[in-house]
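Work out the full structure: start from the sequences and follow the hints.
Protein chains in written order, with my numbering: chain A, 1 to 179; chain B, 1001 to 1846.
It cannot be assumed that every hint is accurate.
Partial list, derived from the structure: chain B residues whose beta carbon lies under 8 Å from chain A [what the hints assert, rightly or not]:
id : residue
1  : R1190
2  : L1192
3  : N1196
4  : V1204
For lysine to any residue, the following SDA-like pairs were computed, each having C-alpha atoms within a straight-line distance of at most 25 Å [unchecked claim]:
id : chain 1 : residue 1 : chain 2 : residue 2
5  : A       : K44       : B       : E1202
6  : A       : K21       : B       : T1445
7  : A       : K117      : B       : R1197
8  : A       : K20       : B       : R1439
9  : A       : K44       : B       : T1445
Bear in mind the hints are in silico, worked out from the structure with no lab data behind them.
Here the structure is a predicted model, which is why all the values come from computation and not from measurement.
Every residue, glycine too, gets a C-beta built ideally from N, C-alpha and C.
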Amino acid sequence: MIAEKYAKEIEGIIARYPSKKSAVLPLMHLAQREYGYTSESAMKEVASILDLDPTQVLSLAGFYTMFYEEPVGKYVLEICNDLACALRGADEFVDMACKKLDITPEETTDDGLFTIKTVMCLGACDRAPMLQCNMSFEENLNEEKFDALLGRLRAEATAGTPSFSVAEKMASYAVKDGA
Amino acid sequence: MSDLVTLTIDGTELSVPKGTRVADAAKSVGIDIPVFCHHPKLEPVGACRMCLVEIGMPMRDRATGEPMLNEDGSPKINFGRGLQTSCTAVVGEGMVVHTDTEAVTDVRGTLLEFQLVNHPLDCPICDKGGECPLQNLVMDHGKMESRVYFEDKRRSDKHVSLGDLIFLDRERCIQCARCIRFQDEVADDRVLQFHNRGVNLEIVTMSDPGFDSYWSGNTTDICPVGALTTADFRFGARPWEMTPSASICSQCAVGCNMTVNTRREARSGGKPVIKRILPRQNEAVNELWLCDKGRFTHDYVASPERLTSPMMRKDGELVAVSWDEALNAAAEGLQAASSVAGLAGQRLSNEDYFMLQKLFRKGLKSGNLDVNNRQIGGGDVVAQVGIAAGSDLQQLGKGDAILVVASDLHEEAPLWWLRVKQAADRGAALVVINGRSTRLSSHATHNLQADSGDIVATVRQLVSMAKVETDGTGALDAAAETLITANNLVAFYGYEGLSYEETESLAKALANLLLIQMDGEPHVGRMNNGLIPVWPYANTQGAWDMGIHPALLPSYKAAKMTGMDAVAMFAGAADGSLDALYVVGADPIGDGWMADRGKLGLLIVQELFMTKTAVTADIIFPAQSWAERDGTFTNGERRVQRYYPAIRPAGDSRPDWQILSQLGERVGAGKAETVTSLVFRSLTKAARQYKGMDYRSLGQVEAQWPVVGGDDRYYGGNAFANTAGLGKQWAAVAESKAVKQFEMDDAVSSREDGLLLINAASLYTAGTLIDKSAVLAPRMAKITLTINPVDATAYEDGDTLMVRTDRVTVQATAVVSDDVMVGTAVLRGVKAMNGTAVARLSKIKE
Chain A
1 MIAEKYAKEI
11 EGIIARYPSK
21 KSAVLPLMHL
31 AQREYGYTSE
41 SAMKEVASIL
51 DLDPTQVLSL
61 AGFYTMFYEE
71 PVGKYVLEIC
81 NDLACALRGA
91 DEFVDMACKK
101 LDITPEETTD
111 DGLFTIKTVM
121 CLGACDRAPM
131 LQCNMSFEEN
141 LNEEKFDALL
151 GRLRAEATAG
161 TPSFSVAEKM
171 ASYAVKDGA
Chain B
1001 MSDLVTLTID
1011 GTELSVPKGT
1021 RVADAAKSVG
1031 IDIPVFCHHP
1041 KLEPVGACRM
1051 CLVEIGMPMR
1061 DRATGEPMLN
1071 EDGSPKINFG
1081 RGLQTSCTAV
1091 VGEGMVVHTD
1101 TEAVTDVRGT
1111 LLEFQLVNHP
1121 LDCPICDKGG
1131 ECPLQNLVMD
1141 HGKMESRVYF
1151 EDKRRSDKHV
1161 SLGDLIFLDR
1171 ERCIQCARCI
1181 RFQDEVADDR
1191 VLQFHNRGVN
1201 LEIVTMSDPG
1211 FDSYWSGNTT
1221 DICPVGALTT
1231 ADFRFGARPW
1241 EMTPSASICS
1251 QCAVGCNMTV
1261 NTRREARSGG
1271 KPVIKRILPR
1281 QNEAVNELWL
1291 CDKGRFTHDY
1301 VASPERLTSP
1311 MMRKDGELVA
1321 VSWDEALNAA
1331 AEGLQAASSV
1341 AGLAGQRLSN
1351 EDYFMLQKLF
1361 RKGLKSGNLD
1371 VNNRQIGGGD
1381 VVAQVGIAAG
1391 SDLQQLGKGD
1401 AILVVASDLH
1411 EEAPLWWLRV
1421 KQAADRGAAL
1431 VVINGRSTRL
1441 SSHATHNLQA
1451 DSGDIVATVR
1461 QLVSMAKVET
1471 DGTGALDAAA
1481 ETLITANNLV
1491 AFYGYEGLSY
1501 EETESLAKAL
1511 ANLLLIQMDG
1521 EPHVGRMNNG
1531 LIPVWPYANT
1541 QGAWDMGIHP
1551 ALLPSYKAAK
1561 MTGMDAVAMF
1571 AGAADGSLDA
1581 LYVVGADPIG
1591 DGWMADRGKL
1601 GLLIVQELFM
1611 TKTAVTADII
1621 FPAQSWAERD
1631 GTFTNGERRV
1641 QRYYPAIRPA
1651 GDSRPDWQIL
1661 SQLGERVGAG
1671 KAETVTSLVF
1681 RSLTKAARQY
1691 KGMDYRSLGQ
1701 VEAQWPVVGG
1711 DDRYYGGNAF
1721 ANTAGLGKQW
1731 AAVAESKAVK
1741 QFEMDDAVSS
1751 REDGLLLINA
1761 ASLYTAGTLI
1771 DKSAVLAPRM
1781 AKITLTINPV
1791 DATAYEDGDT
1801 LMVRTDRVTV
1811 QATAVVSDDV
1821 MVGTAVLRGV
1831 KAMNGTAVAR
1841 LSKIKE
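Next up, the structure:
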């Protein structure tokens, strides 16, 4: 239960906002970090902490592609295939990536390492094909660079060293007191 | 500056209040602008674009600020470059609106083509077909040929259960968000939301149980397509096959106006059956809404368990007999009895009550009359200082105040909860006094959680603080100040956690608060001021008015001799001092007031069902249900409202007043009445508060806003326009003369040691009628007992407990929580008794 495990952190997050319910997105990130995805029970936990109906949390999870309602792999490769990226070969890139990992979009590899998702515009049209992996952009991609990325991530997974911490990343976005 | 704005719509000049939206202004002069997402009771969003019109404003010279004129002297109008959404555009002085130009017509066709891109054209099997805004608008403005490939239509789930009561068809949904906004803005149950985006946008719920709201049925009324349908009516009938009958809900004291839709069916032998119940507009009572209990509790009417023939006990067995045989036997038995008493339920009609009291007082010369489940008193106080005639809770807002004491309106009278909450949203101060927090507490300006035993004391303290100007700073002081300085003040009182005697004191204390003069004016006797009792049943008010009371005659005149009250009747039946008991629409044995028929020489029961009391009776009369007959109910705001027959009677059943009147004729109470309207005429002579009313005046209507019904279902939803009567409120004494402060006795209630039982109401509490509802069955309240951890040393959460009071023994699941005070136990999901009852607990071994 995140309410007990991260009591202090949650208190801090809630304190940042004039209204408790405004803390819903940071808490959903926290829950996703804890459970790997925003499961139904995770959404209910967040709702009960903030006195919301779980449906309100579910609605946000559905609106934002960065929340996963199904379990995902350790690394989520979110490839943009919106119009601008498609013009620069994003669809072909998705096909190549899927073939390489032997999965289709929304699927996870058998080893539980990679999930491929196609997403809407991430704001890097000029550097397409591009993808976002655990909050980090990989741009101007081609097969070679994609192989290198997979290699790097696999090595990290084997070594047990985290590629980077989503928590740190999130914290870097947060408004600091007095800032 | 005037608060009215003058504008011209399609050549019609009109003046409307400042801030009005163009679409509503147009509607007020009969110009229908098509809408999907807009609803007059919801905040505008401008999402669907269906209401686009041309809007122009008078031009002004930039240099001089003077209006610019055409050559003919008329003002120059600037229509801008595009069309505007009339649901969001606010009226302006001199505005000119065109709703029928080529540009407008063209855009309507285009928008409808878009709406139909993914909409399945399954109108022939859709419940909404025939009363569907989308269907109607496509017929009016749509293009008859689509440019979209049929194969490209989005496919989605068509039978999504959003809970036990409501189904969603995701293909039909046009994403107008009316349902979501209704749940957010009106019902405050935020259990419906959008999920995903764009073409994948869909309605979802994740509450437990799904679509957890007492208001869910209303979303199906305002859904502009067939996306939301009720489990009750789904695939049940086509709208044009059904006959509407005006009715009044018989489930609580609010008295919501409703329309019963019936259809003749082969499987019922060609007889009309109830297919669905929809709200009927009465802006002073229920606006356009119904709670789910009112909407879905009608199944009992068609239950095969209904009593259909008079019965008499012969050789120990109950056997069917003729009406004459049963009536004669009853008349003989009652006249031969050494003592008689009448006990009535609290949802009979005024006509029934009047004939019952006539049978007893005139025919049997007995004043032994009372209601069953007598939990709340103060009807005599209400007659003096009740909310004034012509009041409408919708008019309360900033500067006004509402006080709610000892009641959980959300569970007991949902529509009042809704209207009180909305008044608070509009800025009215809300003071809530109860022994625990309720759904209303979070909307309260002052939430005073009194120890239950001390609710009356707390209110009395509040009243004394209101009488003198104190400079106290306590919460109670602040609340008193808020209440007494309000422009208008309405006080609700209920009975949660209180004994009958305590509710009487509470009513008087609140009356005294309302009677305090502020700037020479008390908060009684004028519109939107006064007392509202939260009666437990639909016509408790009528029982008071008609003298179903051991000490009061109709008109609240004191009886010369006080008769037996219900408690005395039960004791008399047990010890043999009462010989004959006549029970109408009540089940004292089933409700635990009587263990059995005791030593009664004669027990007569007039009922719909073979209740526990009826099983032990000597004579049973089958009564007609409310849907099979006409009559009047008087709601808690003393509004006398008329309901009409919708279906044919079950078997040989007769209306209650007729049975009582035919029996009365046999015991010398005068000639039997034959027509309900004439019974009402007689009762207005005895109950002088009803003077001047008759079935014709109760059936009168006047124009209401918003305008609903008719061909423009897209505007107000499927609620029926009221064509059958808005009812009439009778005037409390304070409206014609000054009322003095009530004497308060200093009696302190004595209590036994032990856990004080607070019987908290749940809307779906088991009972003879609601138990028959198929769709509500999964939603029935679980029986729980909430106790404070201090008192729960021997028990844990989830334990099964036996709860014994002096009246009932029930099994309840234990909930240990500090939401309840030490020394009290909150029992839910069962009709028990409040206040003086003490709960004795024992744990059941697994």
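Each hint, compared with the structure:
With a cut of 8 Å, the hint placing R1190(B) at the interface with chain A holds, because the nearest CB-to-CB distance is about 5 Å. Taking 8 Å as the C-beta contact cut-off toward chain A, the hint placing L1192(B) at the interface holds, the least distance being around 7 Å. Interface hint at N1196(B): satisfied, since its Cβ lies 5 Å from the closest Cβ of chain A, which is below the 8 Å cut-off. The restraint placing V1204(B) at the interface with chain A holds, with a minimum CB-CB distance near 6 Å, inside the 8 Å limit.
With a C-alpha separation of about 20 Å, the suggested pairing of K44(A) with E1202(B) holds against the 25 Å cut-off. With a C-alpha separation of about 21 Å, the suggested pairing of K21(A) with T1445(B) holds against the 25 Å cut-off. Under the criterion of a C-alpha separation no larger than 25 Å, the hint pairing K117(A) with R1197(B) is consistent with the structure, at around 16 Å. Using a Cα cut-off of 25 Å, the hinted pair K20(A) and R1439(B) holds, with the two alpha carbons roughly 19 Å apart.
Of the supplied pair hints, the one linking K44(A) and T1445(B) is violated, its CA atoms being roughly 29 Å apart against a limit of 25 Å.
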